[in-house]
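Chemist: Sequence:
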Amino acid sequence: MRDTWPQLAQTEFPSIQRGRITTLQLNLGYRCNLSCIHCHVNAGPRRTETMDRETMQLALEVGRKLGASILDLTGGSPEMNVDFRWLVETAKAQGLHVMDRLNPTIMEEPGYEWVGDFLARHQVEAVASLPCYSQGNVDEQRGDGVFESSIKALRKLNTLGYAIPGSDLVLNLVYNPNGAYLPPEQAKLETQYRQLLGENFGIHFNRLYALANMPIQRFGSWLLSKGKFNDYIDTLRNAHQDANLDGVMCRSTLSVGYDGRVFDCDFNQMLKLPLAGRAKDTHLRDLLDNDLPKAIGVAGHCFGCTAGQGSSCGGALN
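Mapping to the working numbering: the sequence shown position 170 is 505, numbers consecutive.
A couple of the hints might just be wrong.
As a list, the in silico DSS-like pairs of lysine-lysine whose alpha-carbon atoms are at most 27 Å apart [what the hints assert, rightly or not]:
1) 400 - 427
2) 629 - 607
3) 400 - 561
4) 563 - 400
To be clear, the hints were calculated from the coordinates, so they are not data collected in a lab.
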């Protein structure tokens, strides 16, 4: 896989200061039942990296110290971690709001039939990937049959009460562009999703998050192989808006890798970019007796979060 870091490191980005940490985002491992083109984690069925229970316990301890109220679980497919259920149950017992960044097709995989019922029983917020409402676009980006499998899973979540009026169970969907361009306006796209998924499949959801593709890992390598990397970076940089700097997720979210190393965001984690001002990696245990630096590490990929309407784990910023 071709590395985009040399080009990203040469691209200047405005400085950002950290605010109060409200969210601890844990990458539970790189194993996934899919290998998507846009994946900035390079996750897939053959990946074996996984977070162990000891690291999870340490993360919860650090989260308490920082005053975080949200536990954001990602991967890979987080549910493929053998301690996923233990972590969710423990976090909920501590009063944390838990989010699961769900690849809905995992619910259709043998051995993972429990996922929907478990999430509903523990009132976990489901953030489900569905990069388009078109079967052709989804299957092109994620693989044949993915759209049909995703629709079945989303229907199951609705049956369990997710996104049904009067229910506290939240189901948000995630859109990613199917190429080297910015996502369309989130509000308009959400209206289209709501209409077409409702009319064609009877599916309900709460919100749609439109996320920009990051020029790193598998997607970055694809850009380089197609000769589109520089053009995409120019697209992001030319669409940058200073107003989005106040809302970027790295100001309130701390990212933790499967091995317990700490990063300013999930994207910096994939680039192995240490916390700003640190010559070496910071581990969770280092934060038990030390504070986080105020400055945040930035490079060219950060324009993916500030371009146009902005992009974060919670969707558009404006």
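Chemist: Check each numbered hint against the structure and report the violated ones by number, ascending.
Modeler: Numbers 3 and 4, in rising order.
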